[in-house]
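Colleague: So you can see what is in the structure, the chains are spelled out below.
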Amino acid sequence: MTRLGRTSVWPGIALAAALLLVCLVLSLVLGPASLSLSQLWHFVTSGPVPGNLENAIFWQIRMPRVLLACLVGAELAVAGVILQDLFLNPLTDPYVTGVSSGAALGATIGIVLHWSGLPWTTMLALVGGLATLGIVWTAARRRGRIDIFVLLLAGVTISYLASAMVTVLMIQGNQDMRAIVYWLMGSFSGRGWGEVQIALVAVPFMIVPLFFTREMDIMLQGEKRALELGVEVERTKRLLLVTAGVLTAIAVSVCGIIGFVGLVVPHIVRLVVGPSHRSLLPVSLLAGAALLGIADLLSRTLIAPNEIPVGVVTTFVGAPLFVYLLRRGRRA
Amino acid sequence: MSTIRSSRRPAATTRRTLAAGTILAALALAALGAIGLTACGSSTSSSASPSASTAAGGPITVTDSAGNTVTLQQPAKRIVSLAPANTEIAYAVGAGSKMVAGTTYDDYPAAAKSLPKAGDFSNPSVEKIASFNPDLVLITGGVQAPLRAKLTKLGMNVYIIDPTTYAGVMTDIANVGKLAGTSAEAQKVVDSMKQAQADVQAKVGAAAKKSVFVEIYSKPLMTAGTGTFVSDMVGKAGGTNLGDSAGAGFPNFSSEVLLKDDPAVYIADSGSMSKPGDLSTRPGFSALTAVKDGHVYVIQDDLIARPGPRLALGLQQLAKMIHPEAYTTP
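So the sequence lines, in the order shown, correspond to chains A and B.
Mapping of the first sequence onto the numbering used here: residues 1 to 332, in sequence order.
Mapping of the second sequence onto the numbering used here: residues 1 to 330, in sequence order.
Just chain A, with the same shape it has in the complex (with noise of 0.2 Å):
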């Protein structure tokens, strides 16, 4: 990202990175079991210590789900700015390709058929993704090329089918209804150490799309320009494509969906540094895993020992922050 020489990027960077410092910080601190700053430092320097109860809530339960919360954050983030600017639709985000739902799909039969050893449900919900895909993927190419709005089109229905099978399973296990209905909805309640691992996975999808920023600029202009521009426009849509489809897929598969993050985070970035991708892609990638970090922080603080959805968190933080950069950006 060095080989710039036009306007920096980074006092944006600098400053997305600082919101989610201040974000990892209060994160780690604040919870039912409040800690001072000294305390986190004899925690995070004495690492974990078996059979401790206070440490076993710091590095057992809050540090995970933290990093998880940034990360699934940051990976929602960086696929919603890649796939609005491919679609060029600004209601675009992470879930239009019908990666979610095959997720959904995938994670809804792990719970259904309670097998036990694994992690099922996170495992089936990653492959459910995946595999659609690869069913969107294929239906959308013609002659070699993608076409995006096969795609798209392609990816709501397979959308509407996996969830109409989903509501089928639902109803047929009614026991399990509950478990699907709360995995639908998307939390950070429970999760470990082995969700961070899954969703670590996902940090090279990240970085990938870090280093396409002028091919995505110049596409913004069409596919045709960009061609003309000496883009090499299928095999940068594909490789953004599958970027952005694992990144969702990662994500979903480790919390469950989580709305909002995705389609709204751009925007707000967009409104703040514009619409270059050298700022664009990593402040999203940095202010999404500061948004998401925030949003769980409250929907595990507020109503304590009850819990919030994360997903109304995020809802009731970005809104009112959104509809202010709008109206700001139309006055400016």
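Accuracy of the hints is not assured; some may be wrong.
Partial selection, computed: residues in chain B whose CB lies under 7 Å from chain A [said to hold, decoys possible]:
hint : residue
1    : L221
2    : S245
3    : S254
4    : V257
5    : L259
6    : A287
By construction, these hints were calculated from the structure, which means they are not laboratory data.
Ideal Cβ placement from N, Cα and C applies to all residues, glycine included.
For this one, chain A is given, so just place chain B on it according to the hints.
Modeller: Frame of chain A; chain B shown alone:
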């Protein structure tokens, strides 16, 4: 179910996330109810008085869980039940032969499985119910509460079974017995439930209360709060229910708070966990005192969550789990 679909439609996400969340939560409540946890969110008076005029041949009048007066001119002959718990109560009071329809999920006693079905738990069809021409319909509260008005409009007698305490369950059992003309058998059931409670009281009544966490569901962690008979029965079995701190009904529960409060006894219902060993694989749970000391138990959910005669068994099992020392032979 279209709400679930719409929550993933791109154009709808922004506007409808909240609405979808609310509806999903409502669905979750419905699902809770479907396995028999019918106590949530209903405004019932658990102490419905068993006021009844049982003069032979005369009209029978009782008050149901929701405070409605139900009057039958003669004992019911055709009973429809709309909840597995209601079916179980009807059979327990000796009115099994008068049952003409149950629900898809009736599983106890075995004879109930072969009953004609009036529908599933959350979507009972008024038309289907009417087709059985019942003279008594046993419904539950929560999602089914609005059904009462529809059924009474058609001239059906409706009794709502929606107790929130062990005592409330006994009241409902006695009342159903009266309505079915089988009071003597109902009284036997009530007496055995009272006996179970007295036995438990004798064993653990004097023991110091232990803090108990009851897991209703694991992902997300969910417990039973105030106004549930899980909470009521944990109290009767010599425990203090940790879930009461999270509010009424069946709230989610923060695992951080669970570790901080560190209950002495951890009881999971069988729908949530199949074997106690599962607990040590959950993040951080191996540090819990209950796990380290081996005070983790699984209880069949019907025995603590379904308002029926088998709660007596559930109460005894809870007491043994919470105070095993009181049950070891000296």
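Colleague: Hint by hint, say whether it matches the structure.
Modeller: Hint-by-hint comparison with the structure:
Given the 7 Å rule on beta carbons, the hint for L221/B holds: about 6 Å separates it from the nearest Cβ of chain A. The criterion of a C-beta within 7 Å of any C-beta in chain A is met by S245/B, whose closest approach is roughly 6 Å, and the hint holds. Nearest Cβ of chain A to the Cβ of S254/B: about 5 Å, under the 7 Å cut. The hint holds. Hint status for V257/B relative to chain A: holds, with the closest Cβ pair at about 4 Å, below 7 Å.
The beta carbon of L259/B is positioned within 7 Å of a beta carbon in chain A (closest approach about 5 Å), and the interface hint is therefore held. Here the hint on A287/B is kept, as its CB sits about 4 Å from the closest CB of chain A, short of 7 Å.
The structure is consistent with each of the numbered hints, conforming to all of them.
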